[in-house]
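Protein chains: 2
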Amino acid sequence: MEEPKGRGGDRVHGFKFLLLFFSSLFLNVFFFSYLFLSRRTHLGWSRAAAAEAELVAAISCSGHGRAYLDGILVDGLPTCECNTCYSGANCSQLLPDCSADGDSGDPLFLEPYWQQHAASSAVVFSGWHRMSYRTTGDNFISLELERHIRLLHEAVGNAVTDGRLIIFGSGSTQLLNALVYALSPENASTPASVVATAPYYALYKMQTEVFDSREYEWKGITSKWLNTSVSSMQNFIEFVTSPNNPDGFLLQSVLGGPNIIYDHAYYWPHYTAIPAPADEDVMIFTDSKLSGHASSRFGWAVIKDEKVYRKAINYMQVNTMGVSRDTQLRVLKLIKMMLAEMRGEGGIFEFGYKTIAERWSKLSKVISSSNRFSLQQLSPQYCTYFKRIRNPSPAYAWFKCEMEQDVDCSAVLSEARIISRPGTVFEASSRYARLSLIKTRDDFDLLLRRMEALVSKEDVASF
Amino acid sequence: MEEPKGRGGDRVHGFKFLLLFFSSLFLNVFFFSYLFLSRRTHLGWSRAAAAEAELVAAISCSGHGRAYLDGILVDGLPTCECNTCYSGANCSQLLPDCSADGDSGDPLFLEPYWQQHAASSAVVFSGWHRMSYRTTGDNFISLELERHIRLLHEAVGNAVTDGRLIIFGSGSTQLLNALVYALSPENASTPASVVATAPYYALYKMQTEVFDSREYEWKGITSKWLNTSVSSMQNFIEFVTSPNNPDGFLLQSVLGGPNIIYDHAYYWPHYTAIPAPADEDVMIFTDSKLSGHASSRFGWAVIKDEKVYRKAINYMQVNTMGVSRDTQLRVLKLIKMMLAEMRGEGGIFEFGYKTIAERWSKLSKVISSSNRFSLQQLSPQYCTYFKRIRNPSPAYAWFKCEMEQDVDCSAVLSEARIISRPGTVFEASSRYARLSLIKTRDDFDLLLRRMEALVSKEDVASF
Chain A
1 MEEPKGRGGD RVHGFKFLLL FFSSLFLNVF FFSYLFLSRR THLGWSRAAA
51 AEAELVAAIS CSGHGRAYLD GILVDGLPTC ECNTCYSGAN CSQLLPDCSA
101 DGDSGDPLFL EPYWQQHAAS SAVVFSGWHR MSYRTTGDNF ISLELERHIR
151 LLHEAVGNAV TDGRLIIFGS GSTQLLNALV YALSPENAST PASVVATAPY
201 YALYKMQTEV FDSREYEWKG ITSKWLNTSV SSMQNFIEFV TSPNNPDGFL
251 LQSVLGGPNI IYDHAYYWPH YTAIPAPADE DVMIFTDSKL SGHASSRFGW
301 AVIKDEKVYR KAINYMQVNT MGVSRDTQLR VLKLIKMMLA EMRGEGGIFE
351 FGYKTIAERW SKLSKVISSS NRFSLQQLSP QYCTYFKRIR NPSPAYAWFK
401 CEMEQDVDCS AVLSEARIIS RPGTVFEASS RYARLSLIKT RDDFDLLLRR
451 MEALVSKEDV ASF
Chain B
1 MEEPKGRGGD RVHGFKFLLL FFSSLFLNVF FFSYLFLSRR THLGWSRAAA
51 AEAELVAAIS CSGHGRAYLD GILVDGLPTC ECNTCYSGAN CSQLLPDCSA
101 DGDSGDPLFL EPYWQQHAAS SAVVFSGWHR MSYRTTGDNF ISLELERHIR
151 LLHEAVGNAV TDGRLIIFGS GSTQLLNALV YALSPENAST PASVVATAPY
201 YALYKMQTEV FDSREYEWKG ITSKWLNTSV SSMQNFIEFV TSPNNPDGFL
251 LQSVLGGPNI IYDHAYYWPH YTAIPAPADE DVMIFTDSKL SGHASSRFGW
301 AVIKDEKVYR KAINYMQVNT MGVSRDTQLR VLKLIKMMLA EMRGEGGIFE
351 FGYKTIAERW SKLSKVISSS NRFSLQQLSP QYCTYFKRIR NPSPAYAWFK
401 CEMEQDVDCS AVLSEARIIS RPGTVFEASS RYARLSLIKT RDDFDLLLRR
451 MEALVSKEDV ASF
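Line by line, the protein sequences give chains A and B.
Numbering-wise (the UniProt record's numbering), the first sequence opens with residue 1 and increments by one.
Numbering-wise (the UniProt record's numbering), the second sequence opens with residue 1 and increments by one.
If we strip away everything but chain A, and leave its shape as in the complex, we get (with noise of 0.2 Å):
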């Protein structure tokens, strides 16, 4: 009697002891595909430099600050380095009485953007990349990175690239005077003038003045040379920041002469409607402003005449043998990564532009209820690249003292712990001040609550 119902309890322990090694059987040749498959992406040389680098990124630094590669070691690891007013060895301590730091145009705004797209933008140097002096193309650039700076104007439509020459530099600051230097008329019996419109970056006035070189020297303001004969015009070189650093204002030339450099800097997205692409005979940019990279130090200018171009070509090789290399590759991968992903919500112009138009709105929120300060003017826009009409979004605030006693707003902002760059920088009046807006979000909160404070004692005094 038991034996049937013994081979019956076989028959189920058999099937399951069956289902049980046909599932580890299963689950060997899973295991073995998994690993086979996956040894095809199986990394050699570069692991080790992936997994440091990876290791230094999950650092924690409280959302206040990270830790980089290249970091001051404390233990063999690199340590936080804090936003400003935050400390500790996490950065998690915020400084009571530290001053919001609204000075420089320091693009920290777009980190968090990069920070999002890891894996798209990351990139890796092997030992031996590209040692040579010589790149792909002429004068120590890569034609790829070349292309892709064209494809990206031709995307945004802030730039007109067909049939124009360009030049890389290191930041759009050696392009300045690169091509100061080359549009500077030769063999003439005056130094070329170089003169810009007030307020204007201060880097202009400063390049001629400390490489004082005997072929240009600076006039001042363009104002001032408004009665110039057309033919001495010849002799003068105006730079036109456009959209114009500090109030953002898009510009046109003043004096209307044949050597103009526009300085493009801020003609992105993020900062400013576009209106049309941009057309002038000589053109410049820079990744700072654009994937806020400042520290990569590179700039490209567009250039029309080819005997502009050879000169400052020239000016490059003499100066720094050209931009490195290193920095032309990683330009190149970000670069490729704002293409692939420009349009929708994963974009770097949205990403920017909402980022800074948010900023602004705020900002002028809390100046709108002062009688003690204002901000410059300016209004929506019909954008061409987002297809609409888009708010105020600039790169700074231009921020002016109305009162009488007032006289010095950049000290009037620091004794309220805010941090400026006053307008005699800019060769304007000391009513003005620039504030940054571009910074880290812990630098615009900050210096948004000092503001709000400061405004809000304004309206105890009125009572």
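DMTMM-like mimics (lysine to aspartate or glutamate), calculated; alpha carbons at most 25 Å apart, straight line:
(1) B:LYS205 with A:GLU186
(2) A:LYS311 with B:GLU427
(3) B:LYS205 with A:ASP212
(4) B:LYS307 with A:GLU209
(5) A:LYS205 with B:ASP138
(6) A:LYS311 with B:GLU217
(7) B:LYS365 with B:GLU350
(8) A:LYS457 with A:ASP445
Take a look, some chain A residues computed to stay more than 10 Å from chain B by CB distance:
(9) LEU339
(10) GLU345
(11) GLN377
Partial selection, computed: residues in chain B whose CB lies under 7 Å from chain A:
(12) TRP45
(13) ALA50
(14) VAL123
(15) VAL124
(16) SER126
(17) ARG130
(18) ARG214
(19) GLY292
(20) VAL318
Hint data in this document are derived by calculation from the structure and do not stem from the laboratory.
In this text, a Cβ means the ideal position worked out from N, Cα and C, and glycines have one as well.
Dock chain B against the given chain A, drawing on the hints supplied.
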């Protein structure tokens, strides 16, 4: 009868089956553990970039070229960039009538070194790596890099850096003029006189002429100014290149004035014996000739006087706002690696010295059988780094045509399909020409073959 047998067979089968089952279970445990353990070093955001870099590095270019991440794309993959005189999709074709190129100082002789040290020299950049203008140090300088540069000089024993200040530049190129600027006396009635001993590196003259500053001007060969009074000496800036480019001799100042720029680009054990650490007031070095990364555009100056340092820093700020931070991270990794593996067979100086000494020896042997040509006379010398007497290993052969009719030596070489840099470029006689010994093996091998052919023709002619 059959039943027991059957049952015995069942037992055997059962046993085999169990064995299979447990083997399968064991395999599963093994696979699971393997995956679990390897997960600990599983890569996230850096993986795709690492895989891409390895894919490109694996592209075969027949040993006569290499593909780079930012190379020109064909079918979505970067194409091979071939050594001079090699052609074809994978660089396998030697162009028959191609001239051997001994012109430039492209330091590709070190490329195989970095290929052999792939894992320890790779570096991964996150998209958000150090975007800010600011770095860990003042003046846009990475403190970790500065520290490692000091460690390197100490380990090599080629320069005193204690109590000195260090400034970075985009190659030594940028620093040469920054230091001329910094050493020019302020408010002097006449421009400073910039001089160098011929044969000298052409860029010294070219820079002063292109930038054409009111503060300094080119005044030719040092020896012309030997009778300058001590008081006028204040107004002289003397370039001393040691080892000298082109001839490799260790030089000292001729004028002995207060403003001397020591260009020590080649003062590394690859190229010269190191008799003692250099200890001058202003010393310039470059990574181009140290690690071979000419592409990175990274150099540094070691400066004693703080005022000179401040002026040079100001120049750097106004010229390019410091050096690419991308490059600073990469160079840090390279120097760390060089320090870690400095001594013994794996060291870069051993590798570099052996490579060039062998090339110099081969070329010398060929030229020694010639009556028509000669090379500079270099002798073995004790080296404090290698702690032994070492043979010459100059970066360049300073080649001379001895026959009366061979007035243009570079033209003689050109006819023999050898490209050289004419002596006149160095303000020397046209009877001289510079031949580079630091390019790729392909370049040198072809140069040597062509030189053998040229010299053997001489033998035939003399019969």
